[in-house]
Amino acid sequence: MPISRASSESEQSVDGGTVDGNSPVDGVIVGCDTMDLATDRASIDRELERLCAGPALGALPAPVAEAIRYSILGQGKRLRPILMLAAYRACGGQHDASALASCIEVVHAYSLVHDDLPCMDDDDMRRGRPTTHRVHGVTIATAAGVVMVPLAVRAACDAGAHLGLSNPSQAAIVRELMRASGGGGMVGGQLLDLEGEGSSLSIDQLERIHSAKTGALISASARIGGIAAGASEAGLDALTAYGDAIGLAFQIADDVLDATSTTAALGKTAGRDVQLRKSTYPMLLGVERAIERARSLVDDACAALERAGLRTASLEMLARYAIARTS
Numbered sequence: 017m018p019i020s021r022a023s024s025e026s027e028q029s030v031d032g033g034t035v036d037g038n039s040p041v042d043g044v045i046v047g048c049d050t051m052d053l054a055t056d057r058a059s060i061d062r063e064l065e066r067l068c069a070g071p072a073l074g075a076l077p078a079p080v081a082e083a084i085r086y087s088i089l090g091q092g093k094r095l096r097p098i099l100m101l102a103a104y105r106a107c108g109g110q111h112d113a114s115a116l117a118s119c120i121e122v123v124h125a126y127s128l129v130h131d132d133l134p135c136m137d138d139d140d141m142r143r144g145r146p147t148t149h150r151v152h153g154v155t156i157a158t159a160a161g162v163v164m165v166p167l168a169v170r171a172a173c174d175a176g177a178h179l180g181l182s183n184p185s186q187a188a189i190v191r192e193l194m195r196a197s198g199g200g201g202m203v204g205g206q207l208l209d210l211e212g213e214g215s216s217l218s219i220d221q222l223e224r225i226h227s228a229k230t231g232a233l234i235s236a237s238a239r240i241g242g243i244a245a246g247a248s249e250a251g252l253d254a255l256t257a258y259g260d261a262i263g264l265a266f267q268i269a270d271d272v273l274d275a276t277s278t279t280a281a282l283g284k285t286a287g288r289d290v291q292l293r294k295s296t297y298p299m300l301l302g303v304e305r306a307i308e309r310a311r312s313l314v315d316d317a318c319a320a321l322e323r324a325g326l327r328t329a330s331l332e333m334l335a336r337y338a339i340a341r342t343s
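Numbering-wise (my numbering), the sequence shown opens with residue 17 and increments by one.
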């Protein structure tokens, strides 16, 4: 159930007709000269394939390396790395930063591998196919997830050097990745999420969970794009506000889809939140009020960019897409 109004007359599906879930960002593109999503998606996928064929994985035990390839190369939206590229361009970046962007997808893939483990959300389906631990076993999947964060950091340093970024800028990018994936980000958010199962949470508690579990990496994606382009502190603050807002909007959309869609449409198990007795936005607010909250957050995100002079068609489209998607 997509929950967004159309963002502009230029929004259309890739073929002008039905949206193909395997197309760049589920087939939604915006006619603008700042971003070609099909090109960006292809560039990111090529970089991920290159990383998975490189010496870093070759040095790992074969079962772990294969589980990492399975996790990273599966069909995904690539929203976070595409967002990084949009932020990079909005802040004046002019080079091919897809190698740096692909590192963000590696961190995201790690989070999905661990989220799906039996000791976490215990899910069997992800991106339309069996979860990593169902194919490779819990032990190998756990090890693969642990390896993926340092793998991403190493690749980010290499990509930053290739872009000619200064050592302080490279260090700042690594800090963003570590902050988003660590105790103050996804790991901490997942722990709070697990502790909240079976409890009646407040909206404030729910937003704290999802700001860490989902929003941290989305916000980091925008900030990394700004850092790589040499954005000012004011620009980075605007990108942070933008990322924080669409991170929450994205999670609200996830909650609504979990309650209203099907497993076939989502590519993962629908109704899982109810099974795990989790508090969700539709549960606390009702579906319609949850939708309005998501729309308001997207408007806030775009307003933050507008105030900083960073509002581009690409970044606005990605914000709208966060709640217009169907999976």
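Wrong hints could be hidden among the right ones.
[Stated by the list, open to error] Ranges of calculated distance between the beta carbons of each label pair, as one might list FRET restraints:
#: 1; residue 1: N183; residue 2: G204; range: 41 to 47 Å
#: 2; residue 1: A78; residue 2: M136; range: 38 to 44 Å
#: 3; residue 1: G70; residue 2: E213; range: 35 to 41 Å
#: 4; residue 1: Q221; residue 2: G74; range: 43 to 49 Å
#: 5; residue 1: G180; residue 2: M136; range: 36 to 42 Å
#: 6; residue 1: T342; residue 2: R305; range: 27 to 33 Å
No lab work stands behind these hints: they were computed from the structure. Owing to the predicted nature of the structure, the values given are computational and were not obtained by experimental measurement. Using N, Cα and C, we set each Cβ at its ideal position, and we do this for glycine too.
Hints and how they fare:
no. : hint                     : result
1   : N183 to G204: 41 to 47 Å : 28 Å, violated
2   : A78 to M136: 38 to 44 Å  : 25 Å, violated
3   : G70 to E213: 35 to 41 Å  : 39 Å, holds
4   : Q221 to G74: 43 to 49 Å  : 44 Å, holds
5   : G180 to M136: 36 to 42 Å : 39 Å, holds
6   : T342 to R305: 27 to 33 Å : 21 Å, violated
In this structure, the earlier hints numbered 1, 2 and 6 are contradicted, and the remaining ones agree with it.
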